[in-house]
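Asks: In case you want the letters, here they are:
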Amino acid sequence: MPRYELALILKQMQRPETAAALRRTVETLMERGALVRDLENLGERQLPYRMTKHNQRHSRGTYFLVDFYAAPSMLSSVMDHLHRDVDVVRPTVLKKDAQVPNSNCCGPQK
Amino acid sequence: MLCLRELQRWKPVLCRYGNTGVRSFAVAADEAGRTEGGLVNMENPYREPQKGCVLCDVTVDFKNIQLLSQFISPHTGRIYGRHITGLCGRKQKEVSKAIKKAQSMGFMSVTHKHPQFMKDPNICGIKHLD
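Chains as they are written, first to last, in numbering that gives the first Met the number 0: chain R, 0 to 109; chain H, 0 to 129.
Any given hint could be a false lead.
Covered stretches of chain R, going by a simulated chain H footprint (3 or more residues, C-beta under 8 angstroms) [stated by the list, open to error]:
1) 74 to 85
2) 88 to 95
Cross-link-like lysine-lysine pairs, in silico, BS3-like; alpha carbons within 30 angstroms at most [as the list claims (entries may be wrong)]:
3) H:K62 x R:K94
4) R:K94 x H:K118
5) H:K99 x R:K52
6) H:K126 x H:K99
7) R:K95 x H:K126
8) H:K100 x R:K94
9) R:K52 x H:K50
10) H:K99 x H:K50
11) H:K92 x H:K62
12) H:K126 x R:K94
13) H:K92 x H:K50
14) H:K96 x R:K95
15) R:K52 x H:K62
16) R:K94 x H:K99
17) R:K52 x H:K126
18) R:K95 x H:K99
19) H:K62 x H:K118
Among the chain H residues that face chain R by a calculated CB cut under 10 angstroms, a handful are [unchecked claim]:
20) M107
21) S108
22) T110
23) M117
24) N121
Keep in mind that the hints were calculated from the coordinates and are not lab data.
Don't be surprised by glycine CBs; every beta carbon is placed ideally from N, CA and C.
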């Protein structure tokens with residue numbers, strides 16, 4: 000199964016609510032047959048620009064990164080669910096490509 | 000039009016005689032690679048190793064906004080061109096794509112550079128007036 004990465008920005012909430020939102024997201028993924036590989040917390044920081052979502056203006060948020068294996072057909076339903084979730088400010092799913100070897104870049108001989 | 004036609008006719012005539020004024024540099028060499036006069040067939044000993052660009056061994060990631068912020072203008076947030084960054088074709092494209100990705104995903108600002116990264120070393124060849 001191809002490997003995807005979900006860059007999730009959650010709105011500024013207390014710790015138990017953030018945990019609940021994360022739990023909901025991961026359960027959504029697992030319900031649709033995804034295999035969650037890794038969950039990273041990139042910290043709570045000020046957003047680079049103010050984002051309006053669900054009739055709210057957000058200026059701070061918590062960044063999370065979810066690595067998972069999934070079938071391509073279930074991605075649209077996952078994104079639909081995430082867009083409807085009030086606690087999620089911005090969900091983005093990216094495909095994770097295999098690393099291209101850097102050995103022949105510019106041909107340096109160091 | 001007419002002169003072009005004439006030139007086309009003259010061209011083969013000029014080429015037929017060849018470069019009589021230039022001497023040919025092909026010299027007969029023996030088995031050991033030595034030639035008359037002591038010339039040895041070897042690669043250029045003064046050849047400098049090929050220089051790579053700054054990001055030759057560095058993986059460019061959209062999460063690494065500190066690295067990406069080094070290639071944008073601090074005043075306007077615009078991405079610097081190849082003639083300013085000095086990167087090779089591949090890395091310039093990767094950096095550019097990563098910056099656009101980070102901006103759309105909400106990791107990096109579009110209109111300015113994060114104040115935290117203002118004191119970073121300047122790797123682009125651009126000098127700001129202030």
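Asks: Each hint: holds or not?
Replies: Status of the hints after comparison with the structure:
1. 74 to 85: It is violated, with 0 qualifying residues against the three required.
2. 88 to 95: Three-residue rule met by the segment 88 to 95 of chain R, so holds; n is 4.
3. H:K62 x R:K94: Judged against 30 angstroms, a Cα distance of about 14 angstroms means the pair holds.
4. R:K94 x H:K118: Cα-Cα ~33 angstroms, so violated.
5. H:K99 x R:K52: holds (21 angstroms)
6. H:K126 x H:K99: At roughly 24 angstroms apart (the allowed maximum being 30 angstroms), H:K99 and H:K126 satisfy the hint.
7. R:K95 x H:K126: With Cα atoms ~37 angstroms apart, R:K95 and H:K126 exceed 30 angstroms; violated.
8. H:K100 x R:K94: holds (12 angstroms)
9. R:K52 x H:K50: violated (48 angstroms)
10. H:K99 x H:K50: With Cα atoms ~28 angstroms apart, H:K99 and H:K50 stay inside 30 angstroms; holds.
11. H:K92 x H:K62: Judged against 30 angstroms, a Cα distance of about 16 angstroms means the pair holds.
12. H:K126 x R:K94: violated (37 angstroms)
13. H:K92 x H:K50: holds (19 angstroms)
14. H:K96 x R:K95: holds (15 angstroms)
15. R:K52 x H:K62: The hint holds at about 22 angstroms.
16. R:K94 x H:K99: holds (16 angstroms)
17. R:K52 x H:K126: violated (39 angstroms)
18. R:K95 x H:K99: holds (17 angstroms)
19. H:K62 x H:K118: holds (19 angstroms)
20. M107: holds (6 angstroms)
21. S108: With Cβ-Cβ at 4 angstroms, under 10 angstroms, it holds.
22. T110: Holds, about 8 angstroms.
23. M117: violated (15 angstroms)
24. N121: Since the shortest Cβ distance to chain R is 21 angstroms, the answer is violated.
In terms of the numbered hints stated before, the structure departs from hints 1, 4, 7, 9, 12, 17, 23, 24, listed from lowest to highest.
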